[in-house]
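2 protein chains.
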Amino acid sequence: MIRDLIMGNRSYRRFYQEFIIERATLAELVDLARLSASAANRQPLKYILSCDHQRNALIFPHLSWAGYLGDWAGPSEGEKPSAYIIVLGDIEITQSFGCDHGIAAQSILLGAREKGLGGCIIANIQRQELRKALDILPRYKILLVLALGKPKETVVIETVGSDGDIKYWHDSEGRHHVPKRPLSEIIIS
Amino acid sequence: MIRDLIMGNRSYRRFYQEFIIERATLAELVDLARLSASAANRQPLKYILSCDHQRNALIFPHLSWAGYLGDWAGPSEGEKPSAYIIVLGDIEITQSFGCDHGIAAQSILLGAREKGLGGCIIANIQRQELRKALDILPRYKILLVLALGKPKETVVIETVGSDGDIKYWHDSEGRHHVPKRPLSEIIIS
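The listed protein sequences derive, respectively, from chains A and B.
Residue 98 in my numbering sits at position 98 of the first sequence, and the numbers go up by one each step.
Residue 1123 in my numbering sits at position 123 of the second sequence, and the numbers go up by one each step.
Just so you know, these hints were derived from the structure itself, not from any lab.
Glycine residues also receive a C-beta, built at the ideal position from the N, C-alpha and C atoms.
Hints are not guaranteed to be accurate.
Stretch-level coverage of chain A by chain B, calculated; a stretch enters the list once three of its residues show a Cβ under 8 angstroms from a Cβ in chain B [said to hold, decoys possible]:
#1 24-34
#2 42-51
#3 162-169
#4 182-188
Residues from chain B that keep clear of chain A, each with C-beta distances beyond 12 angstroms, as calculated [as the list claims (entries may be wrong)]:
#5 Gly1008
#6 Ile1020
#7 Leu1063
#8 Tyr1068
#9 Trp1072
#10 Asp1090
#11 Gln1126
#12 Lys1150
#13 Asp1171
#14 Gly1174
#15 Pro1182
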């Protein structure tokens, strides 16, 4: 069951933009992160939710999409995410967030997947610009933006070839191919 | 369903040590991490598995347990983990692991939970000593140790009180209490 959820939980970057995600749904997802592990139980993560057109439009321009797809600048109008969860680190609690934001992001995305949604963890963010656009206080470090929506693309997992190339790519039918290293390569002992 | 799994996925530190976890089970769990997101799809994480008494005994002494419980030095003989997954970062692939190890750890622990197991993400590691004990090459940065086993303790989630104290504690019956910040405190906008 968890394997099916993880298999279905690909990084989706094209969505049915007209699909509406309620703020209550985003809060439910953040609650999953809240109940997940945090280093020394410090719980330094804070969240900003966005699911309306106006706020979404303030966030989108400051995100970078799919670096390996040189010919693709990101989702076009009509295929943009319906919602975002911005993951912040509260530096008044700690300066060191360890991998708390990874744990939180995975809980949120698996929860989203279970609801038939999908998303993408974005760390390539124009942070200064996003901070300005949303008036985010200096107290909060911008760690990740989770883009969420109803996925509108097919993602295919394949095995990394003998050249070791891990760059994902789009085929002529728009399917997104993601090479994954085999288990035998990543378990070293 | 994912909420139940996350609720049940507490940080367990006492186990039925005699319970055996097979190497194949650990490999299945690493496969969940393999199929999870990785920044720029670089997949720099590598893994060492341990499920036999001898190797476990090489790992255990180099882990620090539950910092807030000053009177508890960690699980005693008979309650130690049955297995470990050591999460490494391969610096020949990248020097920057982002929060990949958090994503991977959460996938592994949710998978373990589904199998009736439980565990704890340990980042407080005597890294030099562990490296020496297991002959881990300098190429691999030691990121986390995941301790796994059949949990032998009750963990209770409660809400952080007005004093803001997030330190977990043991009650007189050995139950482990974990204060979590309320949702209203962590969603800031």
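Tested hints:
Here's how the region 24-34 of chain A fares: 5 of its residues keep a CB closer than 8 angstroms to some CB of chain B, so the rule of at least three is met and the hint holds. By the rule of at least three residues with a Cβ nearer than 8 angstroms to a Cβ of chain B, the coverage given for the region 42-51 of chain A holds, with 7 such residues. Counting residues of the region 162-169 of chain A whose beta carbon lies closer than 8 angstroms to any beta carbon of chain B gives 3, which reaches the threshold of three, so the coverage claim holds. Counting residues of the region 182-188 of chain A whose CB lies closer than 8 angstroms to any CB of chain B gives 4, which reaches the minimum of 3, so the coverage claim holds.
Look at glycine 1008 of chain B: its CB is around 10 angstroms from the nearest CB on chain A, not clear of 12 angstroms, so calling it non-interface is violated. The beta carbon of isoleucine 1020 of chain B sits about 19 angstroms from the closest Cβ of chain A, which is more than 12 angstroms, so the claim that it is off the interface holds. Residue placement check: leucine 1063 of chain B keeps its beta carbon more than 12 angstroms from all beta carbons of chain A (closest about 14 angstroms). At roughly 7 angstroms from the closest C-beta of chain A, the C-beta of tyrosine 1068 of chain B falls inside 12 angstroms, breaking its exclusion from the interface.
No beta-carbon of chain A is positioned within 12 angstroms of the beta-carbon of tryptophan 1072 of chain B; the least distance is around 15 angstroms. A beta-carbon of chain A comes within 12 angstroms of the beta-carbon of aspartate 1090 of chain B; the shortest separation is about 9 angstroms. A cut-off of 12 angstroms between C-beta atoms confirms that glutamine 1126 of chain B is not in contact with chain A; the least separation is 17 angstroms. Annotated as non-interface, lysine 1150 of chain B keeps its C-beta farther than 12 angstroms from every C-beta of chain A; the closest such distance is 18 angstroms.
At roughly 16 angstroms, the least C-beta separation between aspartate 1171 of chain B and chain A is larger than 12 angstroms, which holds for a residue marked as non-interface. The non-interface label for glycine 1174 of chain B is consistent with chain A: the shortest C-beta to C-beta separation is roughly 18 angstroms, beyond 12 angstroms. Distance check on proline 1182 of chain B: its Cβ comes as close as 8 angstroms (rounded) to a Cβ of chain A, failing to clear the 12 angstroms threshold; non-interface status is violated.
In the structure shown, a violation is registered for the earlier hints numbered 5, 8, 10, 15, in ascending order.
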